[in-house]
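**Q** Guided by the hints, dock chain B onto chain A, whose structure is given.
Those protein sequences? They're chains A and B, same order as listed.
For the first sequence, position 18 matches number -1 in my numbering, and the numbering has no gaps at all.
Plus 18 on top of the position in the second sequence (first one is 1) and you've got my numbering.
Keep in mind that the hints were calculated from the coordinates and are not lab data.
Values in this document were obtained by computation on a predicted structure and should not be read as measured data.
All C-beta atoms in this analysis are idealised placements derived from N, C-alpha and C, irrespective of residue type, glycine included.
Treat each hint with caution, since some may be false.
[To be verified] Derived BS3-like pairs (lysine-lysine); straight-line CA-CA distance at most 27 Å:
1. B:Lys128 x A:Lys22
2. A:Lys21 x B:Lys35
3. A:Lys17 x B:Lys21
4. A:Lys77 x A:Lys34
[Unchecked claim] Computed footprint of chain B on chain A; a stretch qualifies when at least three of its residues, placed anywhere within it, have a C-beta under 8 Å from a C-beta of chain B:
5. 10 to 24
6. 40 to 46
7. 54 to 60
8. 78 to 84
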Amino acid sequence: DTEVTQTPKHLVMGMTNKKSLKCEQHMGHRAMYWYKQKAKKPPELMFVYSYEKLSINESVPSRFSPECPNSSLLNLHLHALQPEDSALYLCASSPKTGQFAYEQYFGPGTRLTVT
Amino acid sequence: ELKVEQNPLFLSMQEGKNYTIYCNYSTTSDRLYWYRQDPGKSLESLFVLLSNGAVKQEGRLMASLDTKARLSTLHITAAVHDLSATYFCAVETNAGNMLTFGGGTRLMVKP
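If we strip away everything but chain B, and leave its shape as in the complex, we get:
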């Protein structure tokens, strides 16, 4: 059974600081997705990582994938309050028919 573990589960940080969220998974997969969810809202796609070594950047967020280590990271640079949300990683399995989600990281950025 595939397990996807995110850490930390909760992160409180000051504006302007940097931090990294980690996503480990237990089985072979070349594709990983990062989503953002605001309270009471749906999931917004942030990054699609399709191969080993993939790196994607959008604004203050950068995601990477190491399929050999079964690890993806979401790095936050110079955090701002607007980044406060819950972030989920999701691993593609079952020939693409399923996404298995990590437990989510609830990020709070304080002014």
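One chain only, chain A, in its complex shape:
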């Protein structure tokens, strides 16, 4: 299995809702990432988990809450989002060992719309 999967593909939520995005990989990678991408912009790093521990939080608002239950799973819990949070949310993973330790493999993304 050489892919990163993300669910759901699309999500529409109100500003008072609570929802979660899920990311999964079975490549044995030990680093996982959340990115936010607005239209016609590059991905912006949000969080990095390394060996299941949060290692980087790029000053993301607390309405976004990441969770890494195990080495294969990464969740992003969403609460009280704003319309400007509408974007494509990408998950990625990287091996952390070997010659290509930091090459990141991206999932297909979740298209989030906040109404």
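**A** This is chain B only, laid out in the frame that chain A set:
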């Protein structure tokens, strides 16, 4: 703060023509990545450049890295319509824990 600049940001070219996309970055790094993104889709890894002087080729695309000049190039040879996409370079930083992306080059290849 690391800055990664790509140019051009938009490129419209005819099929069969050659062109080069440039990626400049502002701090020392030996590792650079090129990704392709189709509209509404995720990022697909194209090239991993791990040292100064690295050159990788796949089909009509060739990427190179000059770490001394802090410059990477993505050269397109005899473009075809299927190459139309947005191309991002990304520089590895923070001991490999982060990628900093360039602004992207939106490529349109016209028949």
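**Q** Compare the structure with each hint and give your call.
**A** Here is what the structure says about each hint:
| no. | hint | verdict |
| --- | --- | --- |
| 1 | B:Lys128 x A:Lys22 | holds, 23 Å |
| 2 | A:Lys21 x B:Lys35 | holds, 25 Å |
| 3 | A:Lys17 x B:Lys21 | holds, 18 Å |
| 4 | A:Lys77 x A:Lys34 | holds, 13 Å |
| 5 | 10 to 24 | holds (count 5) |
| 6 | 40 to 46 | violated (count 0) |
| 7 | 54 to 60 | violated (count 0) |
| 8 | 78 to 84 | holds (count 5) |
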